[in-house]
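Going by our numbering, the sequence shown opens with residue 11, and the numbers climb by one from there.
No wet-lab data here; the hints were simulated from the structure. There's no promise every hint is true.
[Unchecked claim] Taking lysine-lysine and the DSS-like style, the derived pairs with C-alpha atoms no more than 25 Å apart in a straight line are:
hint, residue 1, residue 2
1, Lys450, Lys470
2, Lys297, Lys387
3, Lys88, Lys432
4, Lys446, Lys470
5, Lys450, Lys387
6, Lys432, Lys470
7, Lys130, Lys88
The structure presented is a predicted model; accordingly, all values stated were derived computationally and were not measured.
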Amino acid sequence: MSRSFLVRILSVCLLAASLAVTVKTDAGAQSSAQGFTPVGWVLEASGRVHELGGAPNLGDAAASASPAVDLVATRDGKGYWVVRADGTVSAHGSAGHFGDLSGFALARPAIALAPTPTGKGYVILGQDGGVFAFGDAGFFGSVPGVSPLAAARTTAVEIQVASAGYRIIHDDGGVFAFGNASFIGSVPGVLRGRSLDRPIVAAVDDGNGAYAMVGGDGGVFAFGMSFHGSIAGVAGTDIVGAAGDRAGGYALLDTDGTVSWFSGGTVVQFSVPVQSRAIAIAIIGTKPVDAGNTTTTRQLPTTTLPKPTTTAPKPTTTTTRPTTTQAPASGSVVIWNQTMNSGPDVYWEPNWNDVGNFRSPNLIAGDAVLEVEILSKPTSREVILQVCAWRWLNGHSFSGGFEETCTSQNLQTMRFTDETGKVTINLGSPDGWWVKGGGKFPWDKGPDVMRILIKDAATKSLLMDSRCGSACYTGPGNAADHTPIQIRSKLTFNN
């Protein structure tokens with residue numbers, strides 16, 4: 011993988027195959043693969059934890075405006091950690107609390123946690139690939155230190171700890187190995203120009219240096235690990251988490267609580283009765299189930315894998331530290347807080363804090379506030395900034411139609427000609443923003459995409475030369491003449 015790490019939305023190339031599937035839809039996870047069931051937990055974005063296969067009830071994460079993003083089991087299987095987007099950590103059962111990011115305003119939200127081999131420390135991963143070490147965890151480098159472009163344009167999804175290092179995986183399938191963590195291959199290295207149908211959303215490892223990545227469509231890329239199958243190509247699939255079963259198999263978690271467990275050539279599917287949306291799964295082992303358990307079978311497509319490459323980017327040891335800017339007011343949620351460039355073919359599209367159901371808690375009842383600073387602007391042509399959100403009707407892409415909501419493009423405080431100091435703009439309640447076709451935007455389901463649109467003030471066209479069709483810049487000249495524009499922005503809901 012090149013250190014330039016050019017951003018591409020890559021996708022699994024499906025080859026025809028099939029796999030026997032054992033299915034049972036009981037909520038109690040009492041389905042079986044060859045007479046066994048996984049034992050562990052499923053986490054909801056609300057912080058609620060569901061037990062699987064008789065795992066002990068160790069409690070939910072405390073209520074918070076910040077959504078839960080990851081649950082990781084202890085190595086002894088008697089506890090777990092829950093980390094939220096604001097970097098706070100709750101420890102349950104045998105898990106110890108070694109510190110967290112309480113009191114810090116992060117540049118990008120936290121996304122994952124991984125414990126050290128001793129269980130006496132852990133690292134917290136930010137969406138930009140930043141790493142924060144606690145307890146006996148060591149710091150060996152971060153993605154912003156080796157590839158600022160990857161940190162700005164892709165999203166970290168998983169961190170896997172080795173004895174003296176760690177491996178960070180991003181949503182394009184890129185892999186950054188630090189310290190003594192192994193590098194076996196990456197998705198860009200095996201697809202070589204082909205694209206993913208859905209970004210990588212999760213990854214699992216076997217504890218011995220092998221790992222596998224999972225796409226949002228259920229496609230699986232195994233590097234060193236045994237490939238047991240996938241559910242890529244199954245309609246309606248929306249994978250958000252994955253976990254190894256400590257016996258060579260793995261489980262995939264759908265946002266609606268559906269778990270697909272791959273083990274020994276068989277797939278078991280069962281449903282967890284989530285109330286908001288599922289977000290993470292941890293498995294601590296398997297156990298036999300009653301012989302009288304009834305199941306049915308069906309066929310699901312699987313994905314075969316191209317041969318991985320074996321070259322890795324060379325990491326550095328530049329430290330990423332939390333910022334100390336003012337935290338949002340109580341009850342408010344930072345949707346994004348970062349610096350990005352908008353260019354002739356690049357939207358200002360942050361990696362934002364997806365809280366799922368924005369109505370529960372009701373983040374759209376209060377005002378949305380945008381803090382914005384124009385850091386660099388090549389010309390003085392006047393631009394308008396708009397905050398917009400979209401939800402895909404087919405759940406996968408704009409091609410299936412979409413619902414759209416935007417702030418007004420006539421807010422005078424959102425018009426700029428040159429670089430500015432920080433400007434704070436009250437955008438009003440998001441529930442009152444303009445909606446395409448009228449009606450109400452489905453904030454209860456949440457958007458799939460959020461952006462700042464940079465428009466030419468004179469023509470109201472997007473300051474882009476491509477990727478926007480008839481909405482692109484209409485002159486004079488080209489959008490490339492007036493870009494890139496670098497913007498620092500922070501959007502907070504429920505002020």
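Evaluated hints:
Simply put, Lys450 and Lys470 have alpha-carbon atoms about 24 Å apart, close enough for the 25 Å limit, and the pair holds. Taking the CA atoms of Lys297 and Lys387, the gap is about 61 Å. The hint is violated against a cut of 25 Å. For the hint linking Lys88 to Lys432, the alpha-carbon distance of about 48 Å lies beyond 25 Å, and the restraint is violated. Between Lys446 and Lys470 the CA atoms are separated by roughly 17 Å; this keeps the pair inside 25 Å, and the hint holds.
Distance restraint check for Lys450 and Lys387: the Cα-Cα separation of roughly 35 Å exceeds the 25 Å cut-off, and the hinted pair is therefore not satisfied. This hinted pair checks out: Lys432 and Lys470 have alpha carbons roughly 23 Å apart, not beyond 25 Å. Only pairs whose Cα atoms come within 25 Å are accepted, and Lys130 paired with Lys88 is accepted, the gap being roughly 14 Å.
The structure shown violates the earlier hints numbered 2, 3, 5.
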